[in-house]
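Construct the entire structure; sequences and hints are all you get.
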Amino acid sequence: MSKDILVAIAFFSANGHTEALAHAVARGASENGAKVTYVPVSDYEDTDWDALEAADAIVFGSPTYMGGVAAPFKFFMDASATVWYKQGWINKIAGGFSVSGSMSGDRHNVFLQMAAFAAQHGMIWVSLGMPPGNNYSFGSDEDLNRLGVYYGAAAQANMDQGPEVAPPQSDRDTAFAYGARIAKATRRWVEGGENHPSQRKSPLHCGLKPRFL
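In this note's numbering, the protein residues as written are 183 to 395.
Careful, some of the hints might be misleading.
Distance ranges between label pairs, derived from CB positions [unchecked claim]:
id : residue 1 : residue 2 : range
1  : Tyr220    : Ser319    : 36 to 46 Å
2  : Glu227    : Ser319    : 46 to 56 Å
3  : Glu373    : Ser319    : 26 to 36 Å
Hint data in this document are derived by calculation from the structure and do not stem from the laboratory.
Heads up, the beta-carbon is just placed ideally off N, CA and C, and yes, glycines get one too.
Structure, rendered in structure tokens:
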């Protein structure tokens, strides 16, 4: 019998647009055999750290604010130092998604932040794995990966529209496909490494407590 694959989606959403993308990622993962847990990360005490520890994969989500992750998400990243000292997320699958108001919004910085964050934790980053859309004369905004992003699932939401409309369906479908890819990659990783523990304590940090500078 196949092992249950647990995917946690750790995200911050101020106005619902990023949450809408989180739901699309979750549907893609769940329809491909994963059990999905939503983990909002608005502050330290309300974050379900146990769910993140139990997960085989963590997908990070944040809106793009001023060319970077939102401040509450950055707080979550910094607060995870206590997990880092225990190497609690090492060898978990990781991925990310982001929503911006502009077509670009310098969101590549968000994905670089997330990928570096995952690398700090010793996680395995999964890219979108999809060619760009809407870059030919016969393309359209209805194409998958219409924004041509490779790191993860990217979306654009018009600033005068609510989350019931924006991001558009093509971005949600792209996020759905990304969730499916995350689930499949996680299953391959977990089932292919059953004899190798996904968690270990680094000898460099045994007995030490984090100290913030």
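- request: Mind listing which of the numbered hints don't hold for this structure, in increasing order?
  value: Checked against the structure, the only hint that fails is number 3, while the rest are satisfied.
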